[in-house]
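Listed here are the chains, written in short residue letters.
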Amino acid sequence: MTRVKYMTGFLLSLILTLVAYVSVTDRLASGFQLIVLLSVLAVVQAAVQLIFFLHVDGGSGESRDRRVALYVMLGMILILIVGSIWIMRNMNYNMIQLSPDAKNKVMLDQYDKGGF
Amino acid sequence: MNEAVEQKAVLHRTTIGFWLYLMTDCALFASLFATYVVLHGSTAGGPGSRQLFELPTALTETLVLLISSYACGMAVLAMRRKNVRQVLIALAVTAVLGVTFLAIELREFITFSLDGAGWQRSAFLSAFFTLVGTHGLHILTGLIWLTVTVVTLLRVGLTDKVARQLTLFSLFWHFLDLVWIFIFTVVYLMGVAA
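Order-wise, the sequence lines are chains A and B.
Under our numbering, the first sequence is numbered contiguously, ending at residue 116.
Under our numbering, the second sequence is numbered contiguously, ending at residue 1194.
None of these hints come from the bench; they were simulated from the model.
Idealized CB from N, CA, C, for every residue including glycine.
Heads up, a few of these hints could be off.
Coverage of chain A stretches by chain B, computed from C-beta distances (three or more under 8 Å per stretch; other residues unrestricted) [claimed, not checked]:
#1 10 to 22
#2 34 to 43
#3 71 to 78
#4 98 to 107
Below, in silico cross-link-like pairs of lysine-lysine (DSSO-like), each with a Cα-Cα straight-line distance of 27 Å or less [to be verified]:
#5 A:K113 - B:K1008
#6 B:K1161 - B:K1082
#7 B:K1008 - B:K1082
#8 A:K5 - B:K1008
#9 B:K1161 - B:K1008
#10 B:K1161 - A:K103
#11 A:K103 - A:K113
Using the sequences and the hints given, assemble the complete structure.
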């Protein structure tokens, strides 16, 4: 039973990795859509490995305790990463002391150069 | 009978404790990921992710680590069957693939550094080396831990304590594979795609 479980996790991870890889090399999507697709594939693979390799799926005491700790950490990760990106994307804009129009110009120039 | 119950309780306690450590390690990696994403465009006129990264190399690393993770799972299954020979074979595969992964990563780091894309070149490269290097350092630590566990296993046999060590190591190893999925996706795939 567990052997089957490991094999399932392995094959699913393999497929998800290859799909993600091909979607970039063969340009199955582009721009924002590709980013969303890659994110979804990564999160699904993370879930697959958590269930099939790290066994956080059980309803028994120990597995449940680990799942609770995981949920708490997922919340913290979300705050950390989404929060950082959100704040840093807008920080320059909020810190510049210029008229709104001049500010927009500075930000657009910066965006064209590839920065935030 | 009583001792078996006792051993199970000890395993439960240590697993939970170790799991909590892994969760705090998540916070470390989340901070490094956030830093990397924020600094991704800050190349200071130096090379960006698209010029630098080679996807076939990254894919090889991903597959090597995935198979290593799977072999580690096989070691735990063999351990439950008390088959020491199979445990050793599976762990040897795990270790060899772990070393391979580290060698590929090191080669990439050296190539970057020699091409003038070291960690001192730009904020983007500093963030890249810190994030990927921290993961590599975890892998190295895991390999040392694995070596110690195997030596202990060879000397004292498959005792409860060694079995516990192996269980915790497998959690650590699977966890590192999980973190790598995100490095592969966010750093390499998105770095080349964006």
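Between K113 of chain A and K1008 of chain B, does the CA-CA distance stay at or below 27 Å? violated (59 Å)
Q) At a Cβ distance under 8 Å, does chain B reach at least three residues of the segment 71 to 78 of chain A? A) holds (count 4)
Restraint status (C-alpha distance of K1161 of chain B to K1082 of chain B at most 27 Å)
Roughly 14 Å separates the two Cα atoms, so the pair holds.
Test coverage of the segment 34 to 43 of chain A by chain B using CB-CB distances below 8 Å; three residues minimum.
holds (count 6)
* To do: Take the segment 10 to 22 of chain A, compare each residue's beta carbon with every beta carbon of chain B, and decide whether three or more fall closer than 8 Å.
  => This one holds; 6 residues, not fewer than the three required, reach chain B with a Cβ under 8 Å.
Given the hinted pair K1161 of chain B and K103 of chain A, is their alpha-carbon gap at most 27 Å? Not satisfied, since the Cα-Cα distance of roughly 63 Å exceeds 27 Å.
- Message: Run the distance test for K103 of chain A versus K113 of chain A: straight-line Cα separation, threshold 27 Å.
- Response: holds (16 Å)
Between K1008 of chain B and K1082 of chain B, is the straight-line Cα distance small enough, at 27 Å or below?
Holds. K1008 of chain B to K1082 of chain B sits at ~16 Å (cutoff 27 Å).
Q) Is K5 of chain A close enough to K1008 of chain B, meaning Cα to Cα at most 27 Å? A) holds (23 Å)
### Query
Are there three or more residues in the segment 98 to 107 of chain A whose C-beta lies closer than 8 Å to some C-beta of chain B?
Result for this restraint: violated, n = 0.
| query | Given the hint that K1161 of chain B pairs with K1008 of chain B, does the C-alpha gap stay at or below 27 Å? | reply | Holds, because 11 Å separates the two Cα atoms, which is no more than 27 Å.
Taken one by one, the earlier hints fail for this structure at numbers 4, 5, 10, listed in ascending order.
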